[in-house]
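A.B. asks: Between the sequences and the hints, there should be enough to build the whole structure, so can you do that?
According to the UniProt record's numbering, the sequence shown is numbered sequentially starting from 1.
None of these hints come from the bench; they were simulated from the model.
For every residue, glycine included, the Cβ atom is placed at its ideal position computed from N, Cα and C.
Among these hints, one or two may not hold up.
What the hints assert, rightly or not - Each pair of labels, with its calculated beta carbon distance range:
1) THR96 to GLU24: 34 to 44 Å
2) ALA81 to HIS27: 24 to 34 Å
3) GLN97 to GLU24: 34 to 44 Å
4) GLN25 to GLU69: 13 to 23 Å
5) GLN25 to SER95: 36 to 46 Å
6) GLY38 to SER95: 16 to 26 Å
7) ILE26 to SER95: 16 to 26 Å
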Amino acid sequence: MISSVLTPPHTLTCLNIFQHTRYEQIHLVPAEPSEACGELSNGFFIQDQIALVERGGCSFLSKTRVVQEHGGRAVIISDNAVDNDSFYVEMIQDSTQRTADIPALFLLGRDG
Numbered sequence: 001m002i003s004s005v006l007t008p009p010h011t012l013t014c015l016n017i018f019q020h021t022r023y024e025q026i027h028l029v030p031a032e033p034s035e036a037c038g039e040l041s042n043g044f045f046i047q048d049q050i051a052l053v054e055r056g057g058c059s060f061l062s063k064t065r066v067v068q069e070h071g072g073r074a075v076i077i078s079d080n081a082v083d084n085d086s087f088y089v090e091m092i093q094d095s096t097q098r099t100a101d102i103p104a105l106f107l108l109g110r111d112g
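C.D. replies: Structure (structure tokens):
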């Protein structure tokens with residue numbers, strides 16, 4: 001179950017992020033390192049794909065921006081607490097005034 005969504009200001013545009021891509025060309029690529037708080041060692045494989053990252057280490061926005069900078073089209077953030085079943089997770093902007101241009105989704109620990 002997706003519990004939260006961080007969407008950029010132009011959400012309607014993001015709904016078509018894979019508009020001209022065949023489904024078999026879209027892959028879920030685990031980020032390395034898994035928390036995606038800095039440079040990704042597999043950033044080349046994130047290009048034009050959906051990145052899977054773990055919660056923790058930095059803000060949701062920071063993770064989303066790292067994936068975006070590596071050319072990812074979207075990010076799914078999986079909770080690092082497998083017993084978390086809270087339906088409310090705050091995916092707020094951090095205090096840096098930065099924005100992201102790709103959508104980010106959050107999976108609860110029990111679902112991720």
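A.B. asks: Determine for every hint whether it applies to the structure shown.
C.D. replies: For each hint, the structure was consulted:
no. : hint                       : verdict
1   : THR96 to GLU24: 34 to 44 Å : holds, 37 Å
2   : ALA81 to HIS27: 24 to 34 Å : holds, 26 Å
3   : GLN97 to GLU24: 34 to 44 Å : holds, 39 Å
4   : GLN25 to GLU69: 13 to 23 Å : holds, 21 Å
5   : GLN25 to SER95: 36 to 46 Å : holds, 37 Å
6   : GLY38 to SER95: 16 to 26 Å : holds, 19 Å
7   : ILE26 to SER95: 16 to 26 Å : violated, 33 Å
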